[in-house]
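**Student:** Construct all of the structure, not just a fragment, from the sequences and the given hints.
4 protein chains.
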Amino acid sequence: MTDGVEPALGVGMVGYSFMGAAHSQAWRTVGRVFDLPLTPVMTALCGRNGTEVTAAAARLGWASVETDWKELIRRDDVNLVDICTPGHTHCEIAVAALEAGKHVLCEKPLANSVNEAMVMTAAAESARASGVLSMVGFNYRRAPAVTLAHKLVAEGRLGIVRHVRATYLQDWIVDPEFPLVWRLDKALAGSGALGDIGAHIVDLAQYVVSDRLNGVCAVTETFVKERPLSDVSSGLSGSVGTVPARGTVTVDDAALFLGRFAEGALASFEATRFATGRKNAMRIEVNGSEGSLWFDLEALNELWYYDGTENTETAGFRRILVTEPTHPYLEAWWPPGHILGYEHTFVHETRDLVHSIAEGTDPAPSFADGLQVQRVLAAVERSAGDGSQWTSVEEHA
Amino acid sequence: MTDGVEPALGVGMVGYSFMGAAHSQAWRTVGRVFDLPLTPVMTALCGRNGTEVTAAAARLGWASVETDWKELIRRDDVNLVDICTPGHTHCEIAVAALEAGKHVLCEKPLANSVNEAMVMTAAAESARASGVLSMVGFNYRRAPAVTLAHKLVAEGRLGIVRHVRATYLQDWIVDPEFPLVWRLDKALAGSGALGDIGAHIVDLAQYVVSDRLNGVCAVTETFVKERPLSDVSSGLSGSVGTVPARGTVTVDDAALFLGRFAEGALASFEATRFATGRKNAMRIEVNGSEGSLWFDLEALNELWYYDGTENTETAGFRRILVTEPTHPYLEAWWPPGHILGYEHTFVHETRDLVHSIAEGTDPAPSFADGLQVQRVLAAVERSAGDGSQWTSVEEHA
Amino acid sequence: MTDGVEPALGVGMVGYSFMGAAHSQAWRTVGRVFDLPLTPVMTALCGRNGTEVTAAAARLGWASVETDWKELIRRDDVNLVDICTPGHTHCEIAVAALEAGKHVLCEKPLANSVNEAMVMTAAAESARASGVLSMVGFNYRRAPAVTLAHKLVAEGRLGIVRHVRATYLQDWIVDPEFPLVWRLDKALAGSGALGDIGAHIVDLAQYVVSDRLNGVCAVTETFVKERPLSDVSSGLSGSVGTVPARGTVTVDDAALFLGRFAEGALASFEATRFATGRKNAMRIEVNGSEGSLWFDLEALNELWYYDGTENTETAGFRRILVTEPTHPYLEAWWPPGHILGYEHTFVHETRDLVHSIAEGTDPAPSFADGLQVQRVLAAVERSAGDGSQWTSVEEHA
Amino acid sequence: MTDGVEPALGVGMVGYSFMGAAHSQAWRTVGRVFDLPLTPVMTALCGRNGTEVTAAAARLGWASVETDWKELIRRDDVNLVDICTPGHTHCEIAVAALEAGKHVLCEKPLANSVNEAMVMTAAAESARASGVLSMVGFNYRRAPAVTLAHKLVAEGRLGIVRHVRATYLQDWIVDPEFPLVWRLDKALAGSGALGDIGAHIVDLAQYVVSDRLNGVCAVTETFVKERPLSDVSSGLSGSVGTVPARGTVTVDDAALFLGRFAEGALASFEATRFATGRKNAMRIEVNGSEGSLWFDLEALNELWYYDGTENTETAGFRRILVTEPTHPYLEAWWPPGHILGYEHTFVHETRDLVHSIAEGTDPAPSFADGLQVQRVLAAVERSAGDGSQWTSVEEHA
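Top to bottom, those sequences are chains A, B, C and D.
For the first sequence, the numbering used here begins at 35 and goes up steadily by one.
For the second sequence, the numbering used here begins at 35 and goes up steadily by one.
For the third sequence, the numbering used here begins at 35 and goes up steadily by one.
For the fourth sequence, the numbering used here begins at 35 and goes up steadily by one.
Rather than coming from a laboratory, the hints here were simulated on the basis of the structure.
There could be a bad hint or two in this list.
Claimed, not checked - Just so you have them, the derived chain B footprint on chain C, three or more residues with Cβ under 8 Å:
1. 102–116
2. 142–154
3. 287–300
4. 305–319
5. 325–339
Glycine included, each C-beta is placed from N, C-alpha and C at the ideal position.
**Tutor:** Put into structure tokens, the structure is as follows:
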């Protein structure tokens, strides 16, 4: 564990809504639980509204505030910029921060377009030359069960991967009276279920099987095309007393696509906000020639694994409770069977990033990984807009 | 229950392999458990090999044998012909039987092509005019939990249906040394996973939501392209001592497709024989604006239902153990909690068919329903062969 | 499979209610599915009411009827007497049948008292000398998952057994207006939940771990002490239009007890008819020094097994879907993943009994096994009536 | 959320092993997530070894250290003493702290004996008169699903409670070579599985059903009677390189008991460290005349509830994912479906305690509640030592 003697790593964070709260919890906790080579310091929180950001900083544990992210980037006591704002702002902030020599942790999706993601990736590669690192926040890679799933596939325990099926099912906008929040506005959010939760399962799938999608066919749908207008500044929850005026939903409610991985596996993806009763059901199943596994985020401490090489008399999907000291990230936590929660994925993300910075290694997922996800999402949108026809994931567009 | 005074219904069955054994169990049992308006009599079993069919008839409980299905059809004591042979023979037998005035129960898929299915449907409609009935054997409609699912959707308990996702996952040919049985030969089986198990989930989905698919985009794959030759007369199991010669697999190992229902729901389907560890995992989930449900054939006595109109404090997917006397088909069976098995779906199928015949009502699924499934499968094959582009399910081709 | 050439085994059954229907289904099916050395013939059904037994015989498939079990026993064409009547009649019928040289299959519990069970066991041992066999109907031993559980323990896969916990939870008399059926009358049923379902879990536990309980401490309770009178001839279901008169419930609603096995394992048992929402929840978990397993009758095709010798990285309880051809009884049934139901346990019971009779081996569970269960139940009642103090299971009383 | 303007509440904690780390995480987090009327300040950490406690304070976030708990109690900046030491030290520290006018949070079990617990309870009641509060740390009451379970029962949703069955199964000392740590030494730990995890399920059961056990019968067992000696200062994990000498295990490995609640429900309890494969399986099921519920700590975000008043057609145990804003404690956390972990139970415990202190209300569970649990444990030990005979839980001993 960290004893306070390690050099400090000043963190400046932009945004303090849902993701900001989650990242704050991670920064507050990581050095208390893990033995880190650098001591993260919660130096400054940045938001446009001075009053609000000051209150948020006090609540979340940040030592100071900024109201202009450009000021944040200029501060000498900030070594790492953590970007938790909506997607349309990622590119500008990240590129500026990298150019200013700050390491960057950027929430997913990396950007709202492939072009922005390309610019960011170029900036990241450029900065890398001078030792400045960057990482995109696909936090679910750091659920211990997911990390273990990746490890088992990488070790060949599943043999040749034949099938990947991933779904991310939520139901928070099933009600047609749920208001038109910013996540339903294409200008701010880039896309709907596709970019918000579809991005997660694309990264998850590619990470778990260590392969990349090279083509897709897709359909998308907006089931409820108009919704009550509301203050679009809020995130996941609607405001009280909405006005009767309605606006047009400009993003997808659901996106379904089939894909092929470079090494031949077939894949199926579904991201939707209309799956009544499914709250945060991010699931993945992988079938290989020698075994299978599946995972469900609503039970994030469990990995289900089938060893196809066992005698059929006792073969079966086994529920691995991923809480043993031998499991990824677990030696720092509680005894076996004492489960972790959603927020721990962020603690693990910051742990790994701090190690990379201290050791000069490349953190993953990189901006290039984030760009590749963006290219898959773009291919999905192109296919959906073009009669579902098979669409390559461009490698060099 | 049947007391033996009811008029007899002479049954003649063609084929006595896997499906033949399952249908025999149904015919032996149905009148012992349910109170039927006609008494099924297991009159004759038909197969090409006289020795084998005689042994099979003794074992399975049939009173006599025929070695030519045309003879079977001619018999006055046969009122119903039950067709349990491979798909490429269905059309000829069914049409002849209908023309001879025999009721027909035909195993799924209805045929190996849309054209054959159209011929059969026309014959069925023709025969209907003279009171001769026909039914296609999508037996899973008669799992009590599936029947209940259909009922709940039909009653509006789920509101507007938004999503259907159905998979049928098996793993019996994961081993590349599994031989080239008839189910892997396009000439006999028509298609692979698509027609065998994909047909089941298409019918299941359409039945549960009482709607029809009107378009699809698809991919199919044959992962193992050559396999050891073997006696292709057997069904699901490979023969011992296979010769080293190899032949080409001419059907799909897996088929994935996305679809849209006429009333707007999106759907996802996957049928594969390469899902290691999944033995008979036919699953369906339906999400509607007011509720959801899901079912898994490996736990066929359970239906999971989410009532979206409940208070969120106590809302949750509930496991309905579909074994209450108030549940479909259950009043004739055991007390609550005493579960039924796979073969009971066939008992229920024959029960319903006998009632239809006695009462002169139209049994479901009809040949027209079977044809519609065939059209969906054909659209899947066309889309998969044409860059996955969106393909309409033809209504009048 | 049976080809009809094997010698016949004439079966005469007494009783045709719930158990009679289940046994009939077994006798009708067993020779159609399994390859048997003798051909069971459903010779005669016996019941006191001639009209009713005639109707039942027609419905259930019995060739003739008797209205006096003594006549049944005298028939030369009856080789095996299958006793499906309430417990207070078992002793007289079984002893008479054995003395008449008939093999006996007697439903559980073996008797309503230890004394009766001792008489029956003595008769069985006596008859054994002249090749007459007997078996008590603890059918759950023949759920394939239970048979597999027994096998795994017997092979030492669990190491030293430390804990057994078994519950049998039902809820069919939670409603205080449920009438006073015969199962709630001590004179007919012997005891309540204890003898009816507690007997099952005692036999199950002893069978799975191949050991015997040698002491218990216990509590029992009758929650609803008076109930509406009704025709007590019916079994599990109450009659319509009950009269207002009430009678006293003379059996236990629930029985809980702790026990020790001869080889040192601790055990916990609970049998109740007051577990709202639990329909037929017979469950057992066994923990040993090297592994564990558990089973739930409501999911009777599954066995959950934990191999404690595995690497902790991938250790976990695995769900074995006990439907492989290599699993007990399964080679005669359907392909993997096609599940069996409650009634199949009786088919397997008759299969094994027929083999024992043909081969002259001792069927299990024997009457001595049934007697031992009875002794455990008696010890439970003594302990419950005597301040829960530790009470030995008598071996020679 | 807390804005820092609220008055401070100085916390001094004794002990920094497993429980100390968990409580530290709670104190660091509670004011960042919940809106508190007092601001907890992590004033001082106390431990006997100055070097170790200094390192622990730095790691865990405490502002200063003490090496004598008596000094800690004297400090003016400490308002609350949080006792995380082994059970044999609780009484002395707690009584002294209360007498010094400090609020006390004491880890469970309250003490190692009824006598100590009585002394503590008297001290707590005495201190209460001058506004000094005390609480015992049965943290699992604060798992949101458990709080919800309590609420449903209290609202009468289950009707008359008939059955409670609770187990706490672990497997960390199955290996006979696991060393003789302090938790296996009666002088330090008081008892084994009984006091450590049995205490949890007694409190849990009494809390969930709002009733008290008034009698028990019990058996206990020490399966492995000698173990390698080791440094007994460590907690749950054995030390490396144990010496070959062995010592006697003086506590129980497993404790099983049956009980009756004051209002008539029957209960079954089992606490063991020998349940191979069970890591932290604290489970409870409650059956009432109108409904049932169950909970498993290994899936701590789920509550399963059966509403017995529903139509049987759709009745079933429902999995409530207890992550809605309307659920206990959840409005301060993440969106629905984003699960919490083990440590959150401590955050909620400190939240409620801070509110009680600020508002002058009595926190629960009180020392009197802890004493009552101790009396149950004592009755269990007496019964186990006296032939399992029924033993009253003394109310005034």
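**Student:** Please verify the coverage claim for the segment 102–116 of chain C: does it have three or more residues whose C-beta sits within 8 Å of some C-beta in chain B?
**Tutor:** Violated - the segment 102–116 of chain C has 0 residues with a Cβ nearer than 8 Å to chain B, which falls short of three.
**Student:** Count the residues of the segment 305–319 of chain C with a beta-carbon closer than 8 Å to any beta-carbon of chain B: does the count reach three?
**Tutor:** It holds: at least three residues are needed, and the segment 305–319 of chain C offers 4 whose Cβ sits within less than 8 Å of chain B.
**Student:** Taking beta carbons only, do three or more residues of the segment 142–154 of chain C come closer than 8 Å to chain B?
**Tutor:** Violated - the segment 142–154 of chain C has 0 residues with a Cβ nearer than 8 Å to chain B, which falls short of three.
**Student:** Are three or more residues of the segment 325–339 of chain C within 8 Å, CB to CB, of chain B?
**Tutor:** holds (count 5)
**Student:** Please verify the coverage claim for the segment 287–300 of chain C: does it have three or more residues whose C-beta sits within 8 Å of some C-beta in chain B?
**Tutor:** violated (count 0)
Going through the hint list in order, the structure does not satisfy hints 1, 2 and 3.
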